[in-house]
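Undergrad: Please put together the full structure from these sequences, using the hints given.
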Amino acid sequence: MSGAVNDRRRINGPARSVEPIYTPTVLDSVAKGRSDGRGLDHMRPIYAKAGPISDAQTTASASGSAFYEQGSIRISCAVYGPRSARKPNARRAHFVCDFQYAPFACSKRSPTQSTDEHETSLWLSNTVGPAIRLEMYPKSSIDAYVTVIESDGKMATLAATINCISLALADAGIEMYDTVAACSMGLRDSQWIVDCTHQENAECSVLVAYMPSVDEVTGVLQTGKTTLEVHEQGVQLCTNVCVRVYAVICRALQASVE
Amino acid sequence: MSTECVTPGRRLGLANELDAGPGTYVRNGMIYASILGTKSTSESLPKPTVQVTRSAKFAIPTIGSHVLARVLRINPRSASVSIMMVDSTPCKDFLGTVRVQDIRATEKDSVRVHTSFRPGDVIRAEVISLGDQRSYYLSTAKDEFGVVFAQSVDGNAMVPVSWEEMQDTKTQCVEKRKCAKTF
Chain U
616 MSGAVNDRRR INGPARSVEP IYTPTVLDSV AKGRSDGRGL DHMRPIYAKA GPISDAQTTA
676 SASGSAFYEQ GSIRISCAVY GPRSARKPNA RRAHFVCDFQ YAPFACSKRS PTQSTDEHET
736 SLWLSNTVGP AIRLEMYPKS SIDAYVTVIE SDGKMATLAA TINCISLALA DAGIEMYDTV
796 AACSMGLRDS QWIVDCTHQE NAECSVLVAY MPSVDEVTGV LQTGKTTLEV HEQGVQLCTN
856 VCVRVYAVIC RALQASVE
Chain L
193 MSTECVTPGR RLGLANELDA GPGTYVRNGM IYASILGTKS TSESLPKPTV QVTRSAKFAI
253 PTIGSHVLAR VLRINPRSAS VSIMMVDSTP CKDFLGTVRV QDIRATEKDS VRVHTSFRPG
313 DVIRAEVISL GDQRSYYLST AKDEFGVVFA QSVDGNAMVP VSWEEMQDTK TQCVEKRKCA
373 KTF
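Listed in order, the protein sequences are those of chains U and L. In this text, residue positions in the first sequence follow the numbering used here: the first is 616, and each later residue adds one. In this text, residue positions in the second sequence follow the numbering used here: the first is 193, and each later residue adds one.
Everything labelled a hint here was simulated from the structure, so no lab data went into it. It is possible that some hints are incorrect.
As the list claims (entries may be wrong) - Pairwise CB distance ranges, derived in the manner of DEER restraints: (1) 862(U) with 236(L): 28 to 34 Å; (2) 245(L) with 660(U): 29 to 35 Å; (3) 247(L) with 831(U): 26 to 32 Å.
Stated by the list, open to error - Chain L stretches covered by chain U per the calculated footprint, using a threshold of three residues with CB under 8 Å from any CB of chain U: (4) 217-228; (5) 280-288.
As the list claims (entries may be wrong) - Sample of chain L residues with no beta-carbon within 10 Å of chain U, all distances over it, derived: (6) 346; (7) 359; (8) 364.
Positions of the beta carbon are idealized from the N, C-alpha and C atoms, including for glycine.
TA: Below, the structure is given as structure tokens:
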């Protein structure tokens, strides 16, 4: 242990670490109903449009784009590719997501909204990446640039981001196994509530990204602390709601082609 | 032939009843769509083929595809080109290389790159390999491949007069190129 203190070549963690304490926030009872009058399993209304950036001019370099609204969450995504990669892999394409909040996206304005933009980008690449048929594009790179214009509820914004990226990828004509649909749930009073806003800040939330047609979950994210049974129940409920989100995304894609 | 707009992941049919064409994939005996596009079924033997088509915005070079490329640099062993079109779809910033042994099919030892291509020429070529880290390998070894458009040293457009010569339209000067057979 004394060696660690004198080790100046590496960035050392704290000498002593403790488990974080989860203090349950005191919130209004769920029985009183939600502030915007939604039911417990109702999502906020979704507006999705594929192709706003890439259709406008024929010389636009983005292959696909999408604009996605869910309540007051607004996200835009542009997909570039398949284009030549700097470090090409002869077997598959290299997929990268670049996630960014606009400075005015959250309730507090700041140039870098969140320290976890980079971490979220990596998580998005790992969640949406498996849905793409990367082997069809050797030596190429596919890049998705996501900008959150307005955010309302962290997990709900993440779920909306995944939906937006799926829309943009499909608009770009990139081969995929299935369109990924995602939704999030928050736990309050031992009940799972769909699509929590920033105000309904739940102590524990779960996000599931699901491909309904091939029946595969591509990503699960949980914040907060809960028991395994409650977590499993949340994941199952989320998966069921994802099927409804999938239908909305598919209808938006079909509308963009006509 | 019915046409219908489908999204990626849409089930199109069973693999033992239909053949999977472009824009689809097979998993667990079921054919799924893999792109957003129009589904169409075409009659073929032994099973009808189902495919999903959409006019692609950008394409990547695949082995066997015919490309239109612009020559960027030449050196005694190869010509570096920038691929502009793959079949009939535009292509974004992929690089290709035509090695000296792939320029012609006959008399490969006596081929010189500077009498076949010059920087700025537009050539039609075929992709023969995924190539190395930087570029795809292309070949102009058939009659229909080679220079399709070039400018002379005076800056005028040139027309091919034979498979190895092009003539300036204004000054009638002749320059050596490996021409594509356009007639």
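Undergrad: Hints first: check each against the structure and report whether it holds.
TA: Going through the hints against the structure:
1. 862(U) with 236(L): 28 to 34 Å: holds (33 Å)
2. 245(L) with 660(U): 29 to 35 Å: holds (33 Å)
3. 247(L) with 831(U): 26 to 32 Å: At 30 Å between Cβs, range holds.
4. 217-228: Coverage by chain U holds for the region 217-228 of chain L (6 residues, Cβ < 8 Å).
5. 280-288: With 4 residues close enough to chain U, the hint holds.
6. 346: holds (31 Å)
7. 359: holds (34 Å)
8. 364: With a cut-off of 10 Å, residue 364(L) remains clear of chain U, as the shortest Cβ separation is near 38 Å.
Of the hints listed earlier, there is not a single one the structure fails to meet.
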